[in-house]
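Given the coordinates of chain A, assemble chains B and C onto it according to the supplied hints.
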Amino acid sequence: MFLKNCWYIAAESREIGRQPFGRVLLGEPVMLYRREDGTPVALEDRCCHRRAPLHKGKVLGDLIQCGYHGFTFDASGACVRIPGQDRVPAGIGVRSYPVIERHRYLWIWMGEKEKPDPALIPDFHYTDDPNWAAVGACLHVDANYLLLVENLIDLSHVAFVHTSTIGSNEDTKAELKFERSDGFVRVVREAPGISCPPSMRALGFAPVVDQKKIITFAPASNIWIDIPTRDAAPVAGRNEPMQRRVMILNAITPETERSCHYFWVNARDFDQDNAERSAYFLKTVTFAFNEDKEVLEAQQRNIELDYDAPQVNVHADWGGVQARRLMDQMIRAETGAD
Amino acid sequence: MFLKNCWYIAAESREIGRQPFGRVLLGEPVMLYRREDGTPVALEDRCCHRRAPLHKGKVLGDLIQCGYHGFTFDASGACVRIPGQDRVPAGIGVRSYPVIERHRYLWIWMGEKEKPDPALIPDFHYTDDPNWAAVGACLHVDANYLLLVENLIDLSHVAFVHTSTIGSNEDTKAELKFERSDGFVRVVREAPGISCPPSMRALGFAPVVDQKKIITFAPASNIWIDIPTRDAAPVAGRNEPMQRRVMILNAITPETERSCHYFWVNARDFDQDNAERSAYFLKTVTFAFNEDKEVLEAQQRNIELDYDAPQVNVHADWGGVQARRLMDQMIRAETGAD
Amino acid sequence: MFLKNCWYIAAESREIGRQPFGRVLLGEPVMLYRREDGTPVALEDRCCHRRAPLHKGKVLGDLIQCGYHGFTFDASGACVRIPGQDRVPAGIGVRSYPVIERHRYLWIWMGEKEKPDPALIPDFHYTDDPNWAAVGACLHVDANYLLLVENLIDLSHVAFVHTSTIGSNEDTKAELKFERSDGFVRVVREAPGISCPPSMRALGFAPVVDQKKIITFAPASNIWIDIPTRDAAPVAGRNEPMQRRVMILNAITPETERSCHYFWVNARDFDQDNAERSAYFLKTVTFAFNEDKEVLEAQQRNIELDYDAPQVNVHADWGGVQARRLMDQMIRAETGAD
Chain A
157 MFLKNCWYIA AESREIGRQP FGRVLLGEPV MLYRREDGTP VALEDRCCHR RAPLHKGKVL
217 GDLIQCGYHG FTFDASGACV RIPGQDRVPA GIGVRSYPVI ERHRYLWIWM GEKEKPDPAL
277 IPDFHYTDDP NWAAVGACLH VDANYLLLVE NLIDLSHVAF VHTSTIGSNE DTKAELKFER
337 SDGFVRVVRE APGISCPPSM RALGFAPVVD QKKIITFAPA SNIWIDIPTR DAAPVAGRNE
397 PMQRRVMILN AITPETERSC HYFWVNARDF DQDNAERSAY FLKTVTFAFN EDKEVLEAQQ
457 RNIELDYDAP QVNVHADWGG VQARRLMDQM IRAETGAD
Chain B
157 MFLKNCWYIA AESREIGRQP FGRVLLGEPV MLYRREDGTP VALEDRCCHR RAPLHKGKVL
217 GDLIQCGYHG FTFDASGACV RIPGQDRVPA GIGVRSYPVI ERHRYLWIWM GEKEKPDPAL
277 IPDFHYTDDP NWAAVGACLH VDANYLLLVE NLIDLSHVAF VHTSTIGSNE DTKAELKFER
337 SDGFVRVVRE APGISCPPSM RALGFAPVVD QKKIITFAPA SNIWIDIPTR DAAPVAGRNE
397 PMQRRVMILN AITPETERSC HYFWVNARDF DQDNAERSAY FLKTVTFAFN EDKEVLEAQQ
457 RNIELDYDAP QVNVHADWGG VQARRLMDQM IRAETGAD
Chain C
157 MFLKNCWYIA AESREIGRQP FGRVLLGEPV MLYRREDGTP VALEDRCCHR RAPLHKGKVL
217 GDLIQCGYHG FTFDASGACV RIPGQDRVPA GIGVRSYPVI ERHRYLWIWM GEKEKPDPAL
277 IPDFHYTDDP NWAAVGACLH VDANYLLLVE NLIDLSHVAF VHTSTIGSNE DTKAELKFER
337 SDGFVRVVRE APGISCPPSM RALGFAPVVD QKKIITFAPA SNIWIDIPTR DAAPVAGRNE
397 PMQRRVMILN AITPETERSC HYFWVNARDF DQDNAERSAY FLKTVTFAFN EDKEVLEAQQ
457 RNIELDYDAP QVNVHADWGG VQARRLMDQM IRAETGAD
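Protein chains in written order, with my numbering: chain A, 157 to 494; chain B, 157 to 494; chain C, 157 to 494.
Extracted from the complex, chain A is given alone in its bound form (with noise of 0.2 angstroms):
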């Protein structure tokens, strides 16, 4: 059971073009590409003729050509041409979904609504925002969507995961402040005092940095983790404080239950266009994200073991609670389930 009315990426814009792309969203089969005029478009990936994936066939012009016996269909999903025939029959097409492009990614609404609010859409304008300069990848990760929100609201797994990388050890003791309103869940972690991460002492840092997290996650699956950091020791010959900002933002698309894709970006407010400073990032950002992928993937094979095993919950795990139980309600709201 997925949460359905709400705006999903399917693919960065880059990974899009004029060549038919396939990705299972939600359980359903989705493929994407371009108009001619370069406008991205979502439709079942399965011909309403044999169900082959419509993925593997052609683009032509502004329409899709299923690679099996050729039914084509428009950018609404409508079929409109079947070889053999001069007619097609009223009606029969895929459906089409609701895809808007922003911020460089394409937004899929999956829900029953036609016409769906753009206004919805999560805001990640820090990806082409010229104040800022972005970086990011989509990873495919084998476990339930959940186990990886609940791993970017409770970043207390950054000393122990991610100490090589984006992580500092000490960062253990942070204090956390909870926030919740209908709409969203919000965690700011204070750490002040803490050795400066390694993926930041090139930026020269004073060795102790005082750094903040403010977590904020919206359904379905939308998380900014907003990272600020700055000297928490006078450093010579700079008379104040050096401060950064670093936004992480993270959407995290369903594949199946089992399974699902996470798109991430690494923004900051610095060095714009330091080029090798972007590829740093990317490196180090992928590497640490791999670190998450191996825990999450084996927490889901032994949750796999045994479903019903019980687990604790602390303080920490207040964010990740209070998300997966707004999620619940909206899921059994959707579906009637109550």
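The hints are simulated quantities; they were obtained by calculation from the structure and are not laboratory data.
These numbers were taken from a predicted model, which means no experiment stands behind them.
Treat each hint with caution, since some may be false.
[To be verified] Cross-link-like lysine-lysine pairs, in silico, BS3-like; alpha carbons within 25 angstroms at most:
no.: 1; chain 1: B; residue 1: LYS212; chain 2: C; residue 2: LYS368
no.: 2; chain 1: B; residue 1: LYS439; chain 2: A; residue 2: LYS212
no.: 3; chain 1: A; residue 1: LYS214; chain 2: B; residue 2: LYS329
no.: 4; chain 1: B; residue 1: LYS212; chain 2: C; residue 2: LYS269
no.: 5; chain 1: B; residue 1: LYS329; chain 2: A; residue 2: LYS212
[Claimed, not checked] To be clear about the criterion: a stretch of chain C counts as covered by chain A if any three or more of its residues have a C-beta under 8 angstroms from a C-beta of chain A, and this derived list gives those stretches:
no.: 6; region: 214-225
no.: 7; region: 240-247
no.: 8; region: 393-400
no.: 9; region: 441-451
Glycine included, each C-beta is placed from N, C-alpha and C at the ideal position.
Chains B and C only, in chain A's frame:
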């Protein structure tokens, strides 16, 4: 659920020798070998003692000895020797299947009848008729066998899947005629004035040809495709239009509900002694049928995402729909499900 | 369903050090490590917090720290530290399993009893008795553990599976004696006058030997095979017949219903200090037991095609049948299924 009371191909003749050979057919493990006089034997590939597959054992004369504890069976499946004891309990053994070698194949009967009628073996005489030259192979396909049956009955896919090999991309306006009797389903496709398919160009046809395809399906899963092709325009220095006939024989034996063994033959009534021509057809058709395999396996994966997704039938599907209906009736009759 | 209230081998002593080690036993994730004083610890390999496997964490002194959020457990499984908070809620932790190191193995008790009797640990003293030299290994087998138990109790397979290594193909007429008590099943195989098995020829036996095999099975899945071999004919210059004894120890720990860990030892009462002899036996027996693995995995695949296919028991199966019956009775008694 498979149709049991009919002949299926178990193996190509050349696959079976004095070494025991194992293959799963209709969900059952079957093993094959040849007696000293060369006649084939088909037995349950599961020792009656501890269920080890007999094909991992040894052929001794006309007997097969299990590789685990040495239980030995004659060609009727009767256990004739148990190491370590003098007597063999009465009546123990493994199931024996009627098997007949004909037309370069071993045909097996997996139904209940002990003496099935050899006259019911499908007519594959083109494989060893001196008027024809035949090449062929066995392709393992991870898809339900009926998807392959549909594929072969509705050749409108040729203009989309096989345009670099055996198809012409203009072959989308064929005239179709349909016929169904109790025992078979037939589709006749007439495609006048299409460009000569790539695989036939070397034969010297006019650039434009008339091509007919007479497709005959008979349960369980045999499909004959008779393809006469001839010049559609005069060729300089040629008094009569060139005409050539290719016969594609197809026999599909289910392995499981999700996989099948696809035995195919490409026979031709010309250049019978031309080994180069044979090699060319073997290579080209193998390539083409692997194009089908890719489509069929993608279809199967899509179907497994949602078994209940609807599909639309159009004019060209008449043959496939009738074939499924015929199979369904016969399986119901056999199992008494009506 | 596995028998729980008994000792199983969890690992070879040499497999476990200060690095945490994970293995699935009886369907449960288990992790092992050694305390600073070298004594072994066995814990549930699933953090009580978010179910990450503890074996991916770090051993700190005598404690194990989860690699995800740093929850830390002592060797009794009690949670002693939760990063980010001062207090640890009372009573939380992971399950601890009694584990005893004996005879080069770590023996684990996965049943309910907290203080199981170490006297019930199977007698594997041959592994570290100075009168014996022992080699061994752990083999992972994708088959139900009882298939391997049957394999080891009915050694009539040796004359078919292992004729190039540890078996003689003449060893098919052994005299069998059977014995069953409440706690064990015993089979004695006497094979006089067989050709010396390949693996023993280098020892200088006469070409023909008398070989006895005393096979003792005790639940859950320990099998001792005592094999005295001696010259069956005079050898020039030898006053008394040469006699050698090999003891094969086997302990099988189920991983899942479809797979198991097979711990085996080949111990000998001769050439104890001959490293070359040890290397030879390790290599040869490893090869032979991989022959078994191939048969067992093929059996398992066949069984999964049809769980209900019947099988026949003969004289030589008495031991295996009794072993299965004994296991069945004990499991029923343990689970109260009677």
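Ascending list of hint numbers which this structure does not respect: 1, 4, 8 and 9
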